[in-house]
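Protein chains in written order, with this note's numbering: chain A, 1 to 201; chain B, 1 to 128.
The set of hints was computed from the structure by calculation and includes no laboratory data. Bear in mind that the values here come from a model prediction, so they are computed numbers and not experimental data. Hints are not guaranteed to be accurate.
Here are some chain A residues pointing at chain B (derived, C-beta under 7 angstroms) [said to hold, decoys possible]: (1) R26; (2) P27; (3) A28; (4) L32; (5) D60; (6) E63; (7) Q81; (8) Q130; (9) D139; (10) N141; (11) P144; (12) R146; (13) V148; (14) V158.
The beta-carbon is built from N, C-alpha and C at its ideal position, and this holds for glycine as well.
Below, each chain spelled out in residue letters.
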Amino acid sequence: MTRRILASGLLSTAWRLSGDGSGAGRPALSDLRRATSTAYYALFHQIIRHGAFDFLQGDDEAEIAEIARWFTHTGVLSAAQMVVDAASTRRLDQIKKEKRAAVMALRSVSPQQVIPTDLLQVAESFISLQEARHRADYDGNYDPVRSVTINHVQDAEVAVHATWRLWRGYFVQNQRRRQEHEAYACFLRLALLSSGGPKGR
Amino acid sequence: MATMELETSRHELELQVLKALCQGDTALKPLSLKIEQGEDGLGEDAWRITLNLPAPSKGVWDVAEVAAVRRAATTRLDELVRDTVMDLPGQALAVVTTDQPGVVVALEEQPDENEVEGPVTEDEGLTS
Chain A
1 MTRRILASGL LSTAWRLSGD GSGAGRPALS DLRRATSTAY YALFHQIIRH GAFDFLQGDD
61 EAEIAEIARW FTHTGVLSAA QMVVDAASTR RLDQIKKEKR AAVMALRSVS PQQVIPTDLL
121 QVAESFISLQ EARHRADYDG NYDPVRSVTI NHVQDAEVAV HATWRLWRGY FVQNQRRRQE
181 HEAYACFLRL ALLSSGGPKG R
Chain B
1 MATMELETSR HELELQVLKA LCQGDTALKP LSLKIEQGED GLGEDAWRIT LNLPAPSKGV
61 WDVAEVAAVR RAATTRLDEL VRDTVMDLPG QALAVVTTDQ PGVVVALEEQ PDENEVEGPV
121 TEDEGLTS
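Generate coordinates for the entire structure from the input sequences, incorporating the hints supplied.
Here you go:
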């Protein structure tokens, strides 16, 4: 039996480890490091799960898990950077050549060439959390301030909720929400392409 | 000489970004900031901005306010360096911290008594 990796479960763990609301006591550094890392993984797993759904709509958890494994951390990061570039005020000729087609694709989803706020939130949070997770997992200079860790968990939670809204846009009869879903789907496909596409384990 | 000029420019960037954030419409105003050159997650040279914020009032900042000030910082930096020699190929990133008194900092961890640190010689090895 293939069990789902749910963002909501990972977020609960991250909240617990961050010590939010636990009073004036000082937290363990290891707990803060794992809270930041788990918060990042909550967002990463939600994105790749949606990416798998987008690629193959079905309810076979084993297939979903298999496709989700095609996504890489750098692939999703690359797509997130494309979203931030697309949302910036940079003209196409001010964007790196290899990213221009992707930026055009993202901008062209909306007639006004506007990147949905929720998608920009997801992209910015992903970029920021991946860097934070790298520091949490490997760096002796991880910032041991609890408020900073809690901000990581909050950031992940807000971004995960944004992915849920973007995904649900597919099912509603509202043109703006559908466009927002399309922009999210474009991001998911760019993430898969940037990850190198289908691969075996 | 080129290094000195770059340092001067980087310091100038810090001042200009800080000024923009202090005069801007974000709710959170950094007390200071540091801009360093590093690498983004894809290994490209990129700017990294560390924003030193006031201590949060109830132990946590407002997540939207933090996101807003981070975005304002990277946007202003991008505007300043665009089409200059300081425009780096990687994605600029802003992170937040605080050095203000009263914030909760993690306990320094101590190794377990059997947690040998440093090189292990044959005599010191955990053989028992």
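Here's how the hints hold up against the structure:
Checking R26 (chain A) against chain B by beta carbon gives a least distance of about 5 angstroms; that is within 7 angstroms, so the hint holds. With 7 angstroms as the threshold, the beta carbon of P27 (chain A) comes within range of chain B, its nearest partner Cβ sitting at about 5 angstroms, so the hint holds. Interface hint at A28 (chain A): satisfied, since its Cβ lies 6 angstroms from the closest Cβ of chain B, which is below the 7 angstroms cut-off. Interface restraint check for L32 (chain A): the shortest CB-CB distance to chain B comes to about 5 angstroms, inside 7 angstroms, so the restraint holds.
Violation of the interface hint for D60 (chain A) is found here, the shortest Cβ-Cβ separation to chain B being roughly 32 angstroms, above the 7 angstroms cut-off. Because the smallest distance between the Cβ of E63 (chain A) and any Cβ of chain B comes to about 29 angstroms, over 7 angstroms, the interface hint for this residue is violated. A least Cβ separation of about 5 angstroms between Q81 (chain A) and chain B falls short of the 7 angstroms threshold, and the interface hint therefore holds. This hint holds: Q130 (chain A) has a C-beta 5 angstroms from the nearest C-beta of chain B, less than the 7 angstroms allowed.
For D139 (chain A), the shortest C-beta to C-beta distance to chain B is roughly 12 angstroms, which exceeds 7 angstroms, and the interface hint is violated. For N141 (chain A), the interface hint is violated, the least distance from its beta-carbon to any beta-carbon of chain B being 11 angstroms, above 7 angstroms. Interface hint status for P144 (chain A): upheld, as the beta-carbon distance to the closest one in chain B is roughly 4 angstroms, under 7 angstroms. At its closest, the beta carbon of R146 (chain A) sits 4 angstroms from a beta carbon of chain B; the interface hint therefore holds under the 7 angstroms criterion.
Restraint check, V148 (chain A) versus chain B: the minimum CB separation of about 6 angstroms is within 7 angstroms; hint holds. About 6 angstroms separates the beta-carbon of V158 (chain A) from the nearest beta-carbon of chain B, less than 7 angstroms, and the hint is met.
When each numbered hint is compared with the structure, violations occur for hints 5, 6, 9 and 10.
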